[in-house]
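Colleague: As a plain string of letters, each chain reads:
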Amino acid sequence: MNPAIRHKDEVAEQAGNGPGPDPFASAVEPAAVPDSQVAQDRTVPPAPVAPPNLADYAPIIGQSELDELRYLAQGLEGKTVKMVNSTAVGGGVAEMLNRLVPLLDELGVRTHWEVITGGNDFFEVTKAFHNALHGAEYKLTVEAEKVYLACNEQNRKHMQFGEDYVVIHDPQPAALVQEREGNARWIWRCHIDLSKPNHEVWQFLRPMIERFDAAIFSSQSFAQKLAIPQYLFYPCIDALSEKNKELEESVIQKTCDEFGIDRTRPIVTQVSRFDRLKDPVGVIRAYKMAKQYVDCQLVLAGGGATDDPEGAAVLKEAMAAADNDPDIIILDLPPWCALEINALQRASTLIVQKSLREGFGLTVTEALWKAKPTIASAVGGIPNQIIHKLSGMLVHSVEGCAYQIRYLLTHPEFAQKLGKTGHEHVKENFLMTTNVKRWLLLLRTLQEKQ
Amino acid sequence: MNSSVPSNGKPPTEARRPFHFNTSAHLLRIGQQRAASLGELLQAVHTCSDASIFQHTFRTLHEHHFIREGFSNDFAQWALSACNEPALAERLASVDIREFTSLTAIRERIVDIIETLLKEKPNTADRQVSEPFYFCASEVVVMPTPFVARTLTEFVDGLQRVTLHSIHHHFIEARLRLKLTSNDFSMWLEEEAGFREVARSINRIDLYMGTLEDVRRQIVRIVERSFNGEV
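Protein chains in written order, with the working numbering: chain V, 2 to 451; chain C, 692 to 922.
Honestly, the hints are just simulated from the structure, not real lab data. Be a bit skeptical, because a hint or two may be false.
If you want a taste of the chain C side facing chain V, the calculated C-beta under 7 Å gives, among others [as the list claims (entries may be wrong)]:
1. L718
2. L719
3. F757
4. E830
5. M834
6. T854
7. R868
Since the model is a prediction, treat every value here as computed from it, not as a measurement. We put the CB at the ideal spot given by N, CA and C, even for glycine.
Using the sequences and the hints given, assemble the complete structure.
Modeller: This is the structure in C-alpha cells:
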C-alpha cells in the first residue's frame, strides 16, 4: 500500500493500538481528548465532556453580544420549550441540540429535549421519506403512511405537551402536531433540503406542516408554498467544540507528524466522507493539474469507508486516482476524530470542498471559521457562505478548482484576506450563539402574535 | 475596548439630554416571492413588502458589514452572480442607502435601474438565471443597552463598547426613523451636545469604503480629535 494512504487500522496501529473492536459500528458525538493524548487512541470514542457555558463564549463574540442574548431572553423568562427529534446521538441535529438546549436553559428558557421511539419499520419509512424529500424517486404506499402515522400516534400517547413552545425537528415526528391542544406554539424545524421534494411525500406531509405556527428552513431555496410563516435559520457550528476550538501549535504539529504531512510545504485539504457527491477524485484531478505549476501536498480526510459499501468503493477510486503520489495523503478516520480534523484544517494552506451536491456544507463553515482561504463548489448552501472573491472562491469544475489552487498559492496576501473575511462571515452569521439569538427572536415573535 | 479619551484638562461638556445606546436584532422571514429572471425581479420589486426592501438593502449591508469592498446590496450581488449582468450590478451597487430616507424611494430607484436595463436589453427580461432571487423580510426587535452618554467621554466609551448591531442601528438604520439624511449620533452631537462640525464630519463617513468596525473607529477618531480642537 502506498505509505501516504492511511486507514483507520493503520492509524490506530501507528498510535500504539491494535485494531480492536470495530469502532465504526456507531456514531457517537466527538468529545474531548486531552491535548496530550492527541492521536493516541482512535479505536474507541472518547468520553463526552460537559458543554460550555454562555460566559465561555464572551472571548469569542464579546460581552455586549452576550448581553443582547440575555436581554432577548428576559422577555421569555419562565417560558418552557420542548424539542422533539428522532435520535439522541449521531447526526447533525442531535449534535446541534446538545449545544442549543443547555444554552437556552441557561438563559432562563427552560428547554427539554425528547426523542421519539419507533421500530425498524418506522425508521425504514422515515429514511425513505428523507431521501424522497431530497428528491429521490419513491412510491408512497398506504402501508407506509399507516406505519408513519401509527408510530407518531404511539409516541404522542406517551408524551405530555404542557410547554409553551413545541419544536419538532424534521419529518419523523411531524405528525405529533395533529393532536395539538391548548395555547402552545408549535414550530417545525426542517433540517433537510426541500428544494425539489418528491411530490407524493410532500403532499402527504404538507397538511401536517400547515398545522404548525411556523416553519424554519436552512436555506431560502428550501422554503415551500405554505400557509404559515417561514423563517431562515442557517445551520451553525460551535466555536468551542472539539472540531472548532483553538488549538495549540504543538497539537497541530503532532497531528501532521503522525500523518506524515510536511508543514514546510503548502497543504491543500478536503475534509468529507468518501462519497461520490463530495468528488474526491475530482479534487485529486484538480490537485494534479495545479501541481504542474505549484508545489503542494493534498490531504483528503474523511470517513465512511467502513460503514458504507459505497464509501469503500469511493475510497478505492480515490486511491487509484492518487496513483502512488507520495504527496497525496488519504486519511480514513473514525467519526470521533474531531480534534484531528480541527488540527488538519488549521495546518492547511487552502481548504477545498469540491462537492457535486451539498446540503449546507458545514465543512466550509469550519474552514472559514479557521480563517482558511477556501475554494468550494457553488452548490447547496455553499454560496450562502462564500461570496466569490470576497470570502472565498466559488468554482464549477475541476479546471476551475485547479486554477484557484494555483492562484491562491501564488497570491498569499489575497488568500489571507479571503480567509479573514470568511472568518468574520462565520462569526456574524453561522455560530451557535447566533443560532441561539434566532431562537430567542422567533420565540418572542410567536409570543407577540399569540 | 475601554480607552480613556484625552481631555486636555478640559471638563467634559454635558449634553442637554443623554444619548441612550440602543441596538436591534433581526429575524429573517422567507417570503413567497421569488424571481427566476430579470423580468420577474422587476415585477417582484414592485410588489414586495417594505420589509423585503429593507432586508435586501439596509439589512444585508449589516450582515456583510465585515466586507471592505465590493458588496452593496443583494440585488446587485444577484445581478452579477446569477444573471451575469455586470453593468446592471454596477448600477444597483451604486444605490447608496444613505441617500434615502424612505424605503419607497429606494424601491423606486431599484425599479428605475432595472427598467432602464430592460429597455436597453429587452432580451434579458425572460432569460433564465442560474439561481433565483428569493425575497426575504426582516422582523426587527429594538433593545436598550446599559450604555448612556451625557458627555463626549461617555459617548466615546459607549461607542467602543456596544456591538456593531448598535452602530448599524444608530448610524445607518436611523435615517428611516428620522426621515433625514443624518444619523442618531450626528443628531445628538449637534442638537443636544452642540458639536455641529463633529456631527457633520461623522455624517460624511463613507460606509461603503470600509467595514462597520472601520466606521466605529472613524467616529471615535473624529470625536477624539474634537477634544484637541481639530474638528
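Colleague: Now tell me if each hint is right for this structure.
Modeller: Here's how the hints hold up against the structure:
{"no.": "1", "hint": "L718", "result": "4 Å, holds"}
{"no.": "2", "hint": "L719", "result": "4 Å, holds"}
{"no.": "3", "hint": "F757", "result": "3 Å, holds"}
{"no.": "4", "hint": "E830", "result": "6 Å, holds"}
{"no.": "5", "hint": "M834", "result": "5 Å, holds"}
{"no.": "6", "hint": "T854", "result": "5 Å, holds"}
{"no.": "7", "hint": "R868", "result": "20 Å, violated"}
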